[in-house]
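Peer 1: In numbering that gives the first Met the number 0, the protein residues as written are 0 to 393.
By construction, these hints were calculated from the structure, which means they are not laboratory data.
Treat the hints with care, since some could be wrong.
Here are the computed lysine-lysine pairs in the DSS-like style, where the Cα-Cα straight-line distance is at most 25 Å [what the hints assert, rightly or not]:
# : residue 1 : residue 2
1 : K14       : K76
2 : K135      : K76
3 : K14       : K167
4 : K46       : K135
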Amino acid sequence: MPLSNTAATYGSVTKTFHWIVALLMFTQIVLGIVGSRLGTETRLDLKVQLLEIHKLLGIAIFAVALLRILWTLTQPKPTPLHPERRAETFAAEAVHFILYGALLLMPLSGWIGHAASTGFAPIPWPFGQSLPLIPKSPALSEAAFAAHWSFAWILGAALVAHVAGALKHALLDRDGTLRRMWFGRSGPKFPRRGAGRPGTMPALGMALLFYAAGGLGAFVLTEPGESAEASAPVSTGEWIVEEGTLGLSVTQFGNEVEGRFAEWSADISFSETAMDGAHGSVTVTVRVPSLSLGSVTENALGPDYMAAEQHPEARFTGPIRAEGEGFVADGTLDLAGERVPVALPFTLDIDGGTARMEGTATVDRRDFGIGGEGTGQLAAEVTIPVTLTATRAE
């Protein structure tokens, strides 16, 4: 069996590439079905392991598909067995172009989405989780995963068409088309040279239309997210917050995942002179669904974690007292239906009528019933960094 293609059949290299991709794709489909049926609470560990394998196989599919395309560019294409069936030959050409493109674009978009996010289901290999020129960006990650989903549908449709065509040739035409792609001797009759075939450019043009549809589908699937870079939080009281950030940081699968809330408000009263041991008080109200936490945002807001739909608002209230060279707000945090004592130590720099504050609270997510009791994959400790700049209200 020759290594290269001939006018009658495909060579052993092309056949090997074809069946390796087929095996990888079949495995991906099985993993997707099994993984989608697993819950995020009781079977989270297994779900994540399957997702890690899914990502690694996706990169393998990308690499093998790229090598196959490069090899195909150097090879003659076997003559169509039925060149007189011009519409059928055109459709086969178009489906092949769609398959080639989707086999590259689907895993590549997923890879970009992973590289742009942090912390969830890392690729199990020693080469790191980032890609050159791809920044950590929730917006980019969301767009890339939307494209990934869109191209997955295109690939699925092309696979169905490809398999249906192969079965037609094998069961109805009985013309040896399938034997061309199998190993061993294959001797289907084929037309003499010059029998004619439709050009590849129209088929390529049709494939490009499908790829454009995939990009448009990704645009439609990417819903406008709530920006984590929100303007200054709403503020009342004696101090008006001009700018500030309210973050969230947790360690998952050994990686630190950082995010922030886009919508929150602060009611602050503060005096440099203590009265009854207190320098003032603070109340911070947070809109929980405004959290952006990379690729795990949806899980973090779900019913097994922060339950944003059932408890859309979190509130921290407490007096401010001096502690060492700084201050601490000793209060309570209402989150996910639980009320837990929380201390927020912070530093404060007041220059005239402008105050700059920076602090970090540390909580145990289990006190709020978030994420269950286990800590094997998700650390119990969660840090909440806060920075803000405020001016005195006139």
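Peer 1: Decide, hint by hint, whether the structure agrees.
Peer 2: Here's how the hints hold up against the structure:
Taking the CA atoms of K14 and K76, the gap is about 13 Å. The hint holds against a cut of 25 Å. Between the alpha carbons of K135 and K76 the distance comes to roughly 42 Å, so the proposed pair goes past 25 Å and is violated. The straight-line distance between the Cα atoms of K14 and K167 is roughly 20 Å, inside the 25 Å bound, and the hint therefore holds. As the CA atoms of K46 and K135 are separated by approximately 24 Å, the hinted pair is consistent with the 25 Å bound.
This entry does not satisfy hint 2, going by the numbered hints stated previously; all others are met.
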